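Enquirer: Sequence:
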Amino acid sequence: MDDGHIARRRGAPPAGQRLSRDAVLARAEDLIDADGYDRFSLRALAAALGVRPNALYNHVGGREELLDAVAERYLAEFVLPDTGEPWPEWVRTVAIGLRAQLLDHPERAALLLSRAGGTALGPVVLRRFVDRLVAAGVDRAIAHLGWHLMLTTVVGTVQQERRRGKDPAGTFEAVLDVALRGLVAVAAAAPDERATMLLAAHRLAHPQP
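Residues in the sequence shown are numbered consecutively from 1, following my numbering.
Hints listed in this document are in silico derivations from the structure and should not be mistaken for laboratory results. No experiment lies behind these values; they were computed from the predicted model shown. Don't take each hint at face value.
Unchecked claim - Label pairs and their calculated CB-CB ranges:
1. SER41 <-> VAL178: 36 to 46 angstroms
2. GLU64 <-> ARG127: 37 to 47 angstroms
3. LEU103 <-> LEU80: 17 to 27 angstroms
4. TYR57 <-> HIS148: 28 to 38 angstroms
Idealized CB from N, CA, C, for every residue including glycine.
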């Protein structure tokens with residue numbers, strides 16, 4: 001049977017081409033976008049690549065490591081803006097930018113929310129976000145809380161929009177406005193024990209070199 005009679009699986013490397021880690025991760029991203037984060041499996045990924053499941057372990061340690069790597073690649077595409085606007089407006093800009101990115105790949109929203117902290121890059125992005133607010137005079141514990149507020153607001157509304165379809169009432173903008181007003185009010189006072197404990201727990205889990 002000649003090559004013309006052999007149907008190559010969509011996304012599989014051409015005959016004779018070695019499988020690479022980048023190819024594995026890129027195909028995993030495609031499957032998550034198409035089928036959803038919850039339904040993703042190494043068996044399905046191997047089938048999509050036209051290889052045996054064992055071949056994947058030459059490039060990733062397992063499903064958990066692979067999902068962390070996909071989340072990290074996704075985070076690497078997101079750049080915090082370098083603008084001189086007041087910090088509440090800067091947080092708004094960050095939130096709008098992240099939402100736009102997630103709407104391009106809504107199935108990755110749950111992946112980002114659950115995996116960002118477990119990647120090498122996630123804590124780096126968080127620290128840059130926090131440092132920007134601290135430089136503007138926000139207490140570090142409150143700035144750290146602000147990151148979680150922003151991320152949860154964005155990811156939560158994206159997941160809701162994915163289930164219901166586009167929301168003409170502008171739910172995201174309304175929810176973000178309320179969240180930011182609350183953050184500004186909290187930032188005007190001393191941090192409470194919960195915010196301080198959250199920051200302390202993060203530092204224990206992600207010690208800086």
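Enquirer: Mind checking the hinted window 36 to 46 angstroms against the Cβ distance between SER41 and VAL178?
Expert: holds (38 angstroms)
Enquirer: 28 to 38 angstroms was suggested as the range; check whether the CB atoms of TYR57 and HIS148 agree with it.
Expert: holds (34 angstroms)
Enquirer: Given a hinted range of 37 to 47 angstroms, is it respected by the beta-carbon distance of GLU64 and ARG127?
Expert: violated (23 angstroms)
Enquirer: Given the hint of 17 to 27 angstroms, check if LEU103 and LEU80 actually sit that far apart at their C-beta atoms.
Expert: holds (18 angstroms)
Figure legend: structure checked against the earlier numbered hints; the only hint not met is number 2.
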